[in-house]
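All chains should be modelled from the sequences, with the hints used to inform the complete structure.
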Amino acid sequence: MIRSATLICGFLVSPVWAGEIWVTNEKDDTVSIISTETLEVIQTYPTGERPRGITFSKDYSVVYICASDSDAVQVMDPNTGEILHDLPSGEDPEQFVLHPNDRHLYIANEDDAITTVVDTETRRVIAQIDVGVEPEGMAVSPDGKIAITTSETTNMAHWIDTETQELFANTLVDSRPRHAEFVAEGTQLWVSSEIGGTITIFDVADQSEIGKIDFEVQGVHPDRVQPVGFEFTADEKTAFVALGPSNHVAVVNAETFEVEDYILVGRRVWHMDFNGDKTQLFTTNGVSGDVTVIDVASRTAVKTIKVGRFPWGAAYRPTE
Amino acid sequence: MGRNLLIATVLGLCVGSTAQADVALNIGYLSVFEPQPPTLSNLDPEPADIGLAGALTGLDDNATTGRFLGHTYTLTDVSLQEGDDPLAAATDLLAETRFLIVDAPAETLLAIADLAQAQDALLFNAVAGDVDLRRDGCRANVLHTVPSDAMRTDALAQIFVKRRWDDLVMITGTHPQDVAYADAMRASLTKFGLALSAEKTWAFDADMRRAAAQEVPLFTQELGDYDVLVVADELHDFGRYVLYNTWQARPVAGSEGLTAVTWSPVIEQWGAAQLQSRFEEAHARDMTSQDYAAWAAMRTLGEAVTRTNAADVQTLRDYILSDDFELAGFKGRPLTYRDWNGQLRQPIAIAHPRALVAQAPLEGFLHQTNELDTLGLDRPESNCEAFE
Numbered sequence: 001m002i003r004s005a006t007l008i009c010g011f012l013v014s015p016v017w018a019g020e021i022w023v024t025n026e027k028d029d030t031v032s033i034i035s036t037e038t039l040e041v042i043q044t045y046p047t048g049e050r051p052r053g054i055t056f057s058k059d060y061s062v063v064y065i066c067a068s069d070s071d072a073v074q075v076m077d078p079n080t081g082e083i084l085h086d087l088p089s090g091e092d093p094e095q096f097v098l099h100p101n102d103r104h105l106y107i108a109n110e111d112d113a114i115t116t117v118v119d120t121e122t123r124r125v126i127a128q129i130d131v132g133v134e135p136e137g138m139a140v141s142p143d144g145k146i147a148i149t150t151s152e153t154t155n156m157a158h159w160i161d162t163e164t165q166e167l168f169a170n171t172l173v174d175s176r177p178r179h180a181e182f183v184a185e186g187t188q189l190w191v192s193s194e195i196g197g198t199i200t201i202f203d204v205a206d207q208s209e210i211g212k213i214d215f216e217v218q219g220v221h222p223d224r225v226q227p228v229g230f231e232f233t234a235d236e237k238t239a240f241v242a243l244g245p246s247n248h249v250a251v252v253n254a255e256t257f258e259v260e261d262y263i264l265v266g267r268r269v270w271h272m273d274f275n276g277d278k279t280q281l282f283t284t285n286g287v288s289g290d291v292t293v294i295d296v297a298s299r300t301a302v303k304t305i306k307v308g309r310f311p312w313g314a315a316y317r318p319t320e
Numbered sequence: 321m322g323r324n325l326l327i328a329t330v331l332g333l334c335v336g337s338t339a340q341a342d343v344a345l346n347i348g349y350l351s352v353f354e355p356q357p358p359t360l361s362n363l364d365p366e367p368a369d370i371g372l373a374g375a376l377t378g379l380d381d382n383a384t385t386g387r388f389l390g391h392t393y394t395l396t397d398v399s400l401q402e403g404d405d406p407l408a409a410a411t412d413l414l415a416e417t418r419f420l421i422v423d424a425p426a427e428t429l430l431a432i433a434d435l436a437q438a439q440d441a442l443l444f445n446a447v448a449g450d451v452d453l454r455r456d457g458c459r460a461n462v463l464h465t466v467p468s469d470a471m472r473t474d475a476l477a478q479i480f481v482k483r484r485w486d487d488l489v490m491i492t493g494t495h496p497q498d499v500a501y502a503d504a505m506r507a508s509l510t511k512f513g514l515a516l517s518a519e520k521t522w523a524f525d526a527d528m529r530r531a532a533a534q535e536v537p538l539f540t541q542e543l544g545d546y547d548v549l550v551v552a553d554e555l556h557d558f559g560r561y562v563l564y565n566t567w568q569a570r571p572v573a574g575s576e577g578l579t580a581v582t583w584s585p586v587i588e589q590w591g592a593a594q595l596q597s598r599f600e601e602a603h604a605r606d607m608t609s610q611d612y613a614a615w616a617a618m619r620t621l622g623e624a625v626t627r628t629n630a631a632d633v634q635t636l637r638d639y640i641l642s643d644d645f646e647l648a649g650f651k652g653r654p655l656t657y658r659d660w661n662g663q664l665r666q667p668i669a670i671a672h673p674r675a676l677v678a679q680a681p682l683e684g685f686l687h688q689t690n691e692l693d694t695l696g697l698d699r700p701e702s703n704c705e706a707f708e
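Chains A and B are the protein sequences, given in the same order.
Residue 1 is where the first sequence starts when you use our numbering, and the numbers rise one by one after that.
Residue 321 is where the second sequence starts when you use our numbering, and the numbers rise one by one after that.
If you're looking for bench data, these hints aren't it; they were derived computationally from the structure.
Check each hint, because a few of them may be wrong.
[What the hints assert, rightly or not] Derived Cβ-Cβ restraints for the label pairs, each shown as a range:
| hint | chain 1 | residue 1 | chain 2 | residue 2 | range |
| --- | --- | --- | --- | --- | --- |
| 1 | A | H221 | B | A344 | 31 to 39 Å |
| 2 | A | G81 | B | N629 | 47 to 55 Å |
| 3 | A | A234 | B | E588 | 33 to 41 Å |
| 4 | A | R299 | B | P585 | 38 to 46 Å |
| 5 | A | T187 | B | D644 | 22 to 30 Å |
| 6 | A | S298 | B | D456 | 56 to 64 Å |
| 7 | A | D277 | B | V677 | 39 to 47 Å |
| 8 | B | A675 | A | P46 | 21 to 29 Å |
| 9 | A | G211 | B | D405 | 54 to 62 Å |
| 10 | B | N629 | A | K212 | 18 to 26 Å |
Idealized CB from N, CA, C, for every residue including glycine.
What follows is the structure, given as structure tokens:
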């Protein structure tokens, strides 16, 4: 196994910036906080029921956590772990994205086929938008004009005009879209399809499809290669894609859309985030209950860190 | 005969630049009355809307997707009572729609499929597990969303092999469904290199609810020692009284105990918790295998309409049987149809009433094209010619 082999190497790049990776543990109702310097869990805080999506405010003064089974988005003080208050979120919030205005949270309500928009300052719902069945993936364009919800059973990316809070386009993708990201200064939208086994790339200008990425992991049946979360390196030239139950992360050339590498990680790899200078990538591995640390430059797994049961989301915050 | 036209409860709002030409699909749901023999226990009455409830949840899922594309879906539900003629009802329904989901035993299903009016229709078998319907008895106009009995018994045989439970015995009931299940089980055991070391037929007429504790130990003593006792009791008549009353302290599998099922309320992985809660909210009960099979039929049509923007039998059938089709069925991998007999390929849950134990195909059971084809009739095993 790569994990034990790399432990012997003891190869760790010391990060330029000190920081933490916050991981939600879906079946423990906790967040685990990993130091990006020591690569150890330094703190565990209790949350509401079934925490999944996690994101920080722009100044990192608060952390938002989707407590799905508590039907709330919790606002936590990251310095103390204290829950400051809950935001109204609609039922079963699974994943969300914070608008560049640092105020509006776009929340996917998985059980209700709705995207809820909440103002984090007034703590009020400002819009609810009907989308497809089981909304999950959420993204917002860098200029803040477009928000995206992907719906798992309807198999669409829904394009929301953030001025009017209304849909202006719906585009079909392969089965069970899970995650969406804007790239190339907001000119491209990438959407992963878990059961379809693909990532579809759209031209944001006219919502046309400009590319599709397939994955092929040696020794794993194509049905088990299921892309979920993905993130881009600082130069946006490379994407790292979690491939779910195939237990691998794919390394994709974001210019040619070709897969360059596969990295073995923990079981049912789901989401991920980078450390501050994006030299390390932390993936949540749901079934094995751990986080794999990947060295971005060498594209190797360097450490496995035990967290809670079914780690789901990951988010970085600097501490200095 | 009860008859309803049901329209999904979704606002007819049509938004966005991708709205395509309007397509409307009406789907018939035909539930044929089938008298059930009495069983010893009255604990589990069958829900009146079994199957139909799954079709309705599928209809809602389709409609939510359809509103973004200008596609509308309706369902005409026909439930027959005792004495109603299923062929006359099917003929009437086929005059309204070319798409039927059928809840009927195998012989009635075949009679409907062979109606002149059904020749250019598409039927979904959501109930009958008879292996023959996927073999000699196959029809080009019938697809099967319910797994064959062989798929379910193959799933159990795989876990027997995996656990090295290779000394097996079986008790079989006397109903035709029990005998069919036992036949499928024997074939599965042979397929996976296992065999039964003893068999008995359950032909008691005592009320086992009172006498199980006395009768079952003696009845099972004659089976000698073994690893697992298989019970073929598809009507759930006596099997429940066998557990914990056997002479040997051994697990029970088959129709009771460790079961291989299409669907179970204990499935929560692969996003299934969402389907379960959506179903429970709408119908105030757990989702059963029969509900799942009807849901899958409805969603198959929805997925085909979404991707082809068409509502005619030829286009939809061609698409459903093509390599492009895939259904996300909350079982962890895409579901597709076998193009040699119209069977929906799907993982089979191996579960007890409180938890999922495993999901077949189990790791290590390999296949040259698709591991899901280690379950049920593979291409060389099916002599179906209707799909050629």
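### Message
For the hint 31 to 39 Å, verify it against the beta carbon of H221 of chain A and that of A344 of chain B.
### Response
holds, 38 Å
### Query
In this structure, is the beta-carbon distance linking R299 of chain A and P585 of chain B contained in 38 to 46 Å?
holds, 43 Å
### Message
For the hint 54 to 62 Å, verify it against the beta carbon of G211 of chain A and that of D405 of chain B.
### Response
holds, 56 Å
### Query
So does T187 of chain A sit 22 to 30 Å from D644 of chain B, Cβ to Cβ?
Holds - the Cβ-Cβ distance for T187 of chain A and D644 of chain B, about 29 Å, lies within 22 to 30 Å.
### N629 of chain B versus K212 of chain A beta-carbon gap, inside 18 to 26 Å or not
holds, 20 Å
### Query
Is it true that the C-beta distance of G81 of chain A to N629 of chain B lies inside 47 to 55 Å, as the hint says?
holds, 51 Å
### Message
A range of 39 to 47 Å was offered for this pair. Does it hold for the Cβ distance of D277 of chain A and V677 of chain B?
### Response
holds, 46 Å
### Task
Using the beta carbons of A234 of chain A and E588 of chain B, state whether their distance is inside 33 to 41 Å or not.
Once the Cβ atoms are compared, 38 Å apart, the range 33 to 41 Å for E588 of chain B and A234 of chain A holds.
### Message
Given the hint of 21 to 29 Å, is the C-beta distance from A675 of chain B to P46 of chain A inside that range or not?
### Response
This hint holds: roughly 26 Å between Cβ atoms.
### Message
Taking 56 to 64 Å as the stated bounds, is the beta-carbon spacing between S298 of chain A and D456 of chain B within them?
### Response
At 59 Å between Cβs, range holds.
No hint from the list above goes unmet by this structure.
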